[in-house]
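Chains as they are written, first to last, in our numbering: chain F, 66 to 384; chain G, 178 to 504.
It is worth saying that the hints were derived from the structure and are not from the lab. Quick reminder that beta carbons are idealized off the backbone N, C-alpha and C, glycines included. Keep in mind that a hint or two might mislead.
[Said to hold, decoys possible] Under the rule of at most 30 Å between Cα atoms (straight-line distance), these lysine-lysine pairs were calculated in the BS3-like manner:
id: 1; chain 1: F; residue 1: 325; chain 2: G; residue 2: 417
id: 2; chain 1: F; residue 1: 374; chain 2: F; residue 2: 323
id: 3; chain 1: F; residue 1: 305; chain 2: F; residue 2: 322
id: 4; chain 1: F; residue 1: 305; chain 2: G; residue 2: 418
id: 5; chain 1: F; residue 1: 323; chain 2: G; residue 2: 293
id: 6; chain 1: F; residue 1: 216; chain 2: G; residue 2: 293
id: 7; chain 1: F; residue 1: 216; chain 2: G; residue 2: 257
id: 8; chain 1: G; residue 1: 293; chain 2: G; residue 2: 257
id: 9; chain 1: F; residue 1: 351; chain 2: F; residue 2: 322
[Unchecked claim] Footprint (simulated), chain F over chain G, 3 or more residues, beta carbon under 8 Å:
id: 10; segment: 365–375
id: 11; segment: 389–396
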Amino acid sequence: MRARILAVLVAAALAAAPGVAYAEPHAHQGHDSIRYASIKKCTAKTQTDRPCGGWRLVMHSGKKSVLPDAQGVALDAKGKTLPYSPAPIAVSGNGQRVAYFSKTGRLAVRTFGGGVKLFAKNALPRVAQNEMTLLLSDDGGRLAALIGGEKPASTRVFDTATGARLGTVPADRSVLGFSFDGDELLTSVDGDEPVTDLAVYTDTGDEVVRVAPPQVVVSNAPQALSADGRTVANVVQGAKPELVLYDLQTDQVTARKKIKLPDADIHMIDWTGDTQVTLHMLSGDKITIVQIDTETGGVTVRDKYTLLKDTFVFAACGG
Amino acid sequence: MRHPSAIAALLASAVIGGLGLTPGTAQAEAGTPAARAAWIKSCHDKKDDIDHPCGQWKLIMRDGRQVVVRDAAGTEIDAKDETAAFAISADGRVLAYQRARDHRLVVQPVAGGPAKLLPKSAVPTGAGEISVMLSPEGDKVMIDYGDEPLRRPVKVITVATGQTTTLPLGDSMLGFSGDGDEVLTSRALSDNTTRLTAYRLGGGSIKRTPPQVVNGAEALALAPDGRTLAAFIAGNPDKKKPPRVRTYNLASGELSAGADLPLEPDAVTVAAWWSPDGRLHATVMRGDDGKTAVVRVLTVDPQSGDATQTDRYTISKTRYEHVEAGE
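Isolated chain G (complex conformation):
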């Protein structure tokens, strides 16, 4: 927290009239507050000899400021070693987090303005550790409850209306499509394979058991067409092979030959998404635990693997956990 005054400024600059989002704009324009990532510090418990998250979630802003999200819970209820859920939309303008005092889910524009409190049922009592994702423009939130302690189906909630879509029990969330009209899930089948499904939130779905290389991808992103997947495949430092990108069509099963990305073999793709205009983006990171993480945001040609860097920032070596925009 380098500029304590920034928090007050951020949260006080309330904009009346909804979320203040501009449809069709992937990147925040200069001057519009946007978050690159959020992180929470690591502390060491000498008695139990464990590292645990401590303090509160901090935003890394596109202008370089760091801002504490005071209203957001750092850790789960009764579990100080588990971070509470936190998400940033791919455009960096919307946050989702669990409210500090009761762990209810809140969706909050980064620019300020009214926070939207999601229904109590979005975080059932005893839900334990949950995961949330936001659509690329932050207008929808997806919640995955995991299998324990409560086994509940994944929910997708439209923030403005509260309209909720409940996905089949047993599906795990992977992300939104580029235009937010579909969601991608995975499901473990009894034959020890993993099947992917793209659900149209308006109804209908496409299911397919993908090849190994798609199933093993580090990050998958569903295009605005609701059927084309970009698969970011981890590099292989031992063989000095860089990460790769392939496309996979869930409707036809067609897999592209793939292309190397201009990255070091140990660069990890932490988030991938398509913007509504059909461009593919990826956030890649280097830096082991305990070292400063260097994060780069790329626009990627899914066929050639050509990449343009659109942003670069670092995350403190004292991090316990971090969440990138679009993750």
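For reference, chain F alone in the conformation it holds in the complex:
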């Protein structure tokens, strides 16, 4: 029922804004997609900001809608409200899928123009929702549920079409994201010596490679994994920004390219093609999305927007 309402809302939004030109929201999309999800900020008498209401989706077309079946404010393991924490949400890189907790506490993945996949009740252990983080692959085909908090548990990787669990990644690996094709996950893990290793896992939970990369790779987070499952991209910020490409299999920095970036902090980095890396950059409440050609170092601005003023926290699409 709620799903149908949302579908109607989105359809209406599309109908109301036909023919409006947008600067290539996603090169591979011909229709509207999610820019980001936002939850409203309320200020209590105690002056402490808190999230309130439900998760809102803001589309590339500028239309807003509410995810009516999504849990907005986090619940603890017993189902009690955690008033200062939003429940987790994730938007796929292509802006077509969103993962969240339903109001009945089930893991859910909604596809635009499609339905909602509700996951099994026991898909995740009963832990407080604010101790979980959700990540979707670029096309939304894979979902990772990270379980942190005082007793971190292994990350669970799901096929979002079937809801089936494909594998797990050990709890001490911090999952940084999926490879562009969604087949692998990039993780970081403390070495036995005081170093940070990067390790790649398949979506079925097998370790592919683990290595302690050079300083320039680990000192300039965030990092993203290419569809090839071995090339990591990261960006040196500051006065002389550079794109760094690093091959995990050979332990070699394969390229350092000088690039020109807007004056903003890097919020997210993702591969969005075989030779394209996309950055979400944040300055105050303004987001700039740039695409970097990994062969030429050329940078183009794909999108710019200002977050809803009353945003407590937001989750952008990755790609």
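Once you've looked at the hints, dock chain G against the given chain F.
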């Protein structure tokens, strides 16, 4: 200060004729006064609720005596919560400290004899907290002024001649090579990496951005060849992993596989150095703040990790700060 008379004896036993050092001898022979470490007591200020250094620097001598260094400032000018600079050469025979009355730098043989007053410019007015290191045999002193309140380049002064080498602004001192002919520095680069440089004091340098494990080492020591580094890597008590030693060649970038040291995981390497004869030494410590510290001096095989204990001593639980020979 268990033997008050020892101070007078130490400082009165003036030896005429320079520093009285024997080149090529790493360890002091029996009978030659040598310091293992220096420490300064902690006092609690009830009004401000802070611990601060108080009293004066005390030497822990190799023969077990404790000796107050009366001429040395305990704290920095106008900053009673910051200890004044203090260093002991790796061979334990030479001290560097700030003179109590004006905070100028002094280099003083432990055996007594004339103290060498370094030029006034070695501690510029308003320098605030500075750090000093001595070469393994105490013939050179290196001064790091930090970034605040004055940003000044690191200086290396040959004590006997006053000859001064000024390093590039922005380099931080890490130590001397085993023969004292080179110094090792680190520099934070704009790409958020740290680069190491070995400077030959006679001119020339080797620079390299080392791997994470070298950059994260607890102590680094530059060999007499001026290019081989020993990296002492902290243990991991949670994983019950002991500290390790690796070698890293600044010229070639070659990193050894590393070897475990025969130490407890929580043993901290507080100082590491090579003696001029090419042997590697490390001073390791156990004991949290407020507890007696147990300090051991080791000779270490940098490839196998085999270690021989050459000395062991304790430092009072009332310490605020301590400086080991070679640190």
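Status of the hints after comparison with the structure:
1. 325(F) x 417(G): 46 Å, violated
2. 374(F) x 323(F): 34 Å, violated
3. 305(F) x 322(F): 10 Å, holds
4. 305(F) x 418(G): Violated, at roughly 39 Å.
5. 323(F) x 293(G): 51 Å, violated
6. 216(F) x 293(G): 59 Å, violated
7. 216(F) x 257(G): 43 Å, violated
8. 293(G) x 257(G): Status holds; Cα separation ~26 Å.
9. 351(F) x 322(F): 26 Å, holds
10. 365–375: Answer holds; 5 residues pass the 8 Å Cβ test.
11. 389–396: With 4 residues closer than 8 Å to chain F, the segment 389–396 of chain G meets the three-residue bar; holds.
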